[in-house]
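A.B. asks: Could you build all of it, start to finish, from the sequences and the hints given here?
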Amino acid sequence: MIRVLGDFDLAEDAVQDAFAQAMRVWPERGIPDNPGAWITTTARNRAIDRLRRERTLREKTAQLGALEALESLGGDETDVSGIPDDRLRLIFTCCHPALRMDARVALTLKTLGGLTTGEIARAFLVPEPTMAQRLVRAKHKIREAAIPYRVPPAELLPERLPGVLAVLYLVFNEGYAATSGPLVRTDLCDEAIRLTRVLGTLMPDEPEAAGLLALMLLQHSHRDARTGPRGELVLLEDQDRARWDHAMIDEGLATLDRAIVARRPGPYQLQGAIAALHARAPRPEDTDWPQIAALYDRLAESSPSPVVELNRAVAIAMADGPERGLALFVPLESELDGYHLFHAARADLFRRLDRNEEAAAAYRRALELVTNPEQRSYLERRLAEVTGP
Amino acid sequence: MQYILLIYGEETAGTAMSPEDQAKGLQEWTDYTQWLKDKGYYVGGDALHPTSDATTVRVRNGETLVSDGPFAETKEQLGGYYLVECPSLDDAIEASAKLPIGYRGSVEIRPVMVYDDEGHPS
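Chains Z and S supply the protein sequences, listed in that same order. Each step along the first sequence adds one to the number in the numbering used here, with nothing skipped, and position 52 is 52. Each step along the second sequence adds one to the number in the numbering used here, with nothing skipped, and position 111 is 111.
If you're looking for bench data, these hints aren't it; they were derived computationally from the structure. Just so you know, even glycine gets a beta-carbon here, dropped at the ideal spot from N, CA and C. Errors might be hidden in some of the hints.
Said to hold, decoys possible - Between beta-carbon pairs, the in silico distance windows are:
no.	chain 1	residue 1	chain 2	residue 2	range
1	Z	D205	S	L26	36 to 44 Å
2	S	A23	Z	R160	33 to 41 Å
3	Z	E335	S	G105	33 to 41 Å
C.D. replies: Put into structure tokens, the structure is as follows:
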């Protein structure tokens, strides 16, 4: 493989991918007559895909003229962090603290995620011209203020990391629950996971980088069970857990265990721990909801946000009953009125209480806000259930 | 890349210092300027008199309006500046972080417009 590709890392990754794929596919389809050849062919195809994506990325990088010009500025300086990955340089540049947070996310999604301006705009609930302006201003700032195109030197990395993690997680989320097109865009999730892995190699003593990787792996392990045969959305409690990627779950759990040893908790490790509790439950009814609610309590303390409060309310609803959950939704109404999942969750709790009229009203409100067609179909099915004969 | 480091701070902060503390403060600034020179960044710089010595001028409708004090009342006031030549913004950020202004104060980094001989921005 290395002889063919001339790149040791790429070859190694491709073979690893092929083995992982074999473990997923062979139990279903049976072991092929010539397993060795299957592995080699699969590995070669994966490598070719990756090379194609990297070429596209290089072409995209060339379009970002400003950054290419900046690369020459650093001239004599060798890349002191020792990771010769263009993607990593690009992401640290896109996530530079001199850029506003929303600009960093938009720029990363545009250059590394390959999303259109429109898709990014919808993901963040702003009009498309606003997002276009945001991108123009960010690139202008990079050029005019001479933001360097590089991975920061070692002494700066610890303060630059949280910004990068936040951006990567946002990219992952765009792939995990895409705002348009198919519900799951595995290429975005794979890319977010790959970049987070590289970061983990770069900063092995940083538990939040490992925590984020664990979280992504644990969530991504559901990908084959999250959509039904016609691409429709399947909720966690209805998923066929045999179709979860258990090798990925094991890796996620091991990654999380390693992170926790450092005794420096953080939001990604907490979210990872919540995902781990779901992953460890053999059946939905085995889920340790009280423990999940407790973890959301801690998350609400350290990184409060309306969405965290929403998830906490849902966990409490599952642990203590829908009425308790609904009570917690009330103070969130004004902040989350524009968020379709708020109304969908509320509708679901009403539905469990057979309060069908209120459920229908909430489903309708959610339908006004949802953009993903698979999520839309799901909500329409539920609406039919609560308004049907 | 040329940048100006605009140094803001609360003017009242320094007035209650003892002569020893003032001398120590002055030495910190001298050391800092030397550090900038050793790095090859230093182009220029000055400390400014406080805003109580400032005069603001505006010309409106052909009339020259002169008033006492800074152009706006702000919580932190402009106290000085450095002009530096650095390879990138990260170097200007590092230089700003090293300024001996203690835990108070803010530094605004602005890229300086540079024009070539024909008056075009370069």
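A.B. asks: None of the hints should be skipped; say for each whether it holds.
C.D. replies: Structure-based check of all given hints:
no. : hint                          : verdict
1   : D205(Z) / L26(S): 36 to 44 Å  : 41 Å, holds
2   : A23(S) / R160(Z): 33 to 41 Å  : 37 Å, holds
3   : E335(Z) / G105(S): 33 to 41 Å : 35 Å, holds
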